[in-house]
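Student: Letter by letter, the chains look like this.
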Amino acid sequence: MQTRRQTLRQGFVVAGLLAGTGLFPQYALAFNKAAFDAKNLGDALKALGASGAPQASDAVTLTAPDIAENGAVVPLAIASTLPDVKQLVLLVEKNPNTLVATFKVTPDVEPSFATRTKMGESSDVYAIAITGDGKAHFAKKEVKVTLGGCGG
Amino acid sequence: MADPMRIRAQAQGDKATVRVLMSHEMESGQRKDASGQIVPAWHIQEVTASLNGKEVFSCEWGPAVSKNPFLQFVVKGAKAGDKISVTWKDNRGETRTDQATVS
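Each protein sequence line maps, in turn, to chains A and B. In short: position in the first sequence from 1, add 168, done, that's my numbering. In short: position in the second sequence from 1, add 3, done, that's my numbering.
Some hints here could point you the wrong way.
Take a look, some chain A residues computed to stay more than 10 Å from chain B by CB distance [to be verified]:
(1) 220
(2) 221
(3) 287
(4) 308
(5) 309
Output of the computed footprint for chain B on chain A, the stretches with three or more beta carbons under 8 Å from beta carbons of chain B [to be verified]:
(6) 212-218
(7) 254-268
(8) 300-306
Below, simulated PhoX-like cross-link-like pairs (lysine-lysine); rule was C-alpha separation at most 25 Å, straight line [unchecked claim]:
(9) 35/B / 254/A
(10) 92/B / 201/A
(11) 214/A / 262/A
(12) 79/B / 254/A
(13) 70/B / 18/B
(14) 35/B / 272/A
If you are wondering where the hints come from, they were derived from the structure by calculation, not from laboratory data. Every residue gets a Cβ at the ideal spot worked out from N, C-alpha and C, and that includes glycine.
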């Protein structure tokens with residue numbers, strides 16, 4: 169015979185276990201894991217919701233060094249002058265996971281961002297602007313790395 | 004608990020440039036430790052920023068962003084005295100928020 173109190177207690181225990189294992193996916197939902205797990209450019213773009221082949225565009229600017237002495241810290245800046253840009257995306261083609269970062273463009277911020285990335289080896293770096301209609305516009309630049317950032 | 008972020012926000016005309024330096028290991032999940040075990044990934048996934056309590060900016064990061072990440076963005080319509088707060092959340096669910104005043 170189980171009392172009401174015992175039943176309630178079991179309910180709380182189960183809820184607590186679920187919360188502990190992350191089965192309540194509050195924050196996991198927001199993060200686009202598929203895109204960040206993608207191993208190449210095409211897969212990453214598809215997971216981000218871009219349609220069609222990306223086009224080279226002068227309206228997207230990528231600022232990156234020609235030679236990075238230390239692959240663990242490569243300064244990258246991305247900017248765009250296209251209208252109706254929804255996302256700006258940084259990708260390093262030869263990294264184990266291509267996608268580095270996505271920046272959401274809102275009316276309150278300029279479509280211009282800068283950060284630093286790790287690069288495992290010399291590779292093409294892509295700056296991609298995804299517009300409201302799902303088209304992807306890119307700028308790319310080859311960055312030579314003299315010391316990799318992914319080794320031990 | 005992670006160390007505080009360093010945030011600088013400087014107004015230029017009707018917009019403000021915000022520079023943030025976060026303190027985070029940003030482990031890539033590719034590295035191996037001395038015994039040959041892969042060190043699990045541990046990185047910031049989401050960064051959001053708000054101006055006077057209203058969210059204005061968000062981004063998502065993979066493990067390829069450098070250790071102790073740097074981030075720069077420009078907020079429109081911000082003036083001296085406004086409050087900028089920045090929040091990050093990592094893949095272990097840890098989070099930290101810091102605030103700065105636009106100067």
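Student: Cut-off 8 Å, C-beta pairs, minimum 3 residues; does the coverage of the stretch 300-306 of chain A by chain B stand?
Tutor: violated (count 0)
Student: Quickly compare the C-alpha distance for residue 35/B and residue 254/A to 25 Å and report which way the hint goes.
Tutor: Between residue 35/B and residue 254/A the Cα gap is close to 37 Å, so the pair fails against 25 Å, i.e. violated.
Student: Taking 10 Å as the cut and beta carbons as the points, is residue 220/A off the interface with chain B?
Tutor: holds (22 Å)
Student: If you look at each residue in the stretch 212-218 of chain A, do at least three have a Cβ nearer than 8 Å to any Cβ of chain B?
Tutor: violated (count 0)
Student: Compute the least Cβ-Cβ separation between residue 287/A and chain B, then decide whether it is above 10 Å.
Tutor: Contrary to the label, residue 287/A does not stay out of reach of chain B, its closest Cβ about 8 Å off (not over 10 Å).
Student: Between residue 70/B and residue 18/B, does the CA-CA distance stay at or below 25 Å?
Tutor: violated (28 Å)
Student: Taking 25 Å as the top limit, are the C-alpha atoms of residue 92/B and residue 201/A close enough?
Tutor: holds (14 Å)
Student: For the stretch 254-268 of chain A, do three or more residues have a beta carbon lying closer than 8 Å to a beta carbon of chain B?
Tutor: As far as the stretch 254-268 of chain A goes, the hint holds, because 6 residues have Cβ atoms under 8 Å from chain B.
Student: The output says residue 221/A does not contact chain B. Does that hold with a beta carbon cutoff of 10 Å?
Tutor: holds (23 Å)
Student: Hint check: residue 214/A vs residue 262/A, CA-CA at most 25 Å. Holds or violated?
Tutor: holds (18 Å)
Student: Does residue 309/A clear chain B by more than 10 Å, comparing its Cβ with all Cβ atoms of that chain?
Tutor: holds (16 Å)
Student: Measure nothing beyond the straight line between the CA atoms of residue 35/B and residue 272/A; if it is 25 Å or shorter, mark the hint as holding.
Tutor: Measuring from Cα to Cα gives roughly 33 Å; hence the hint is violated.
Hint violations for this structure: numbers 3, 6, 8, 9, 13 and 14, all remaining hints satisfied.
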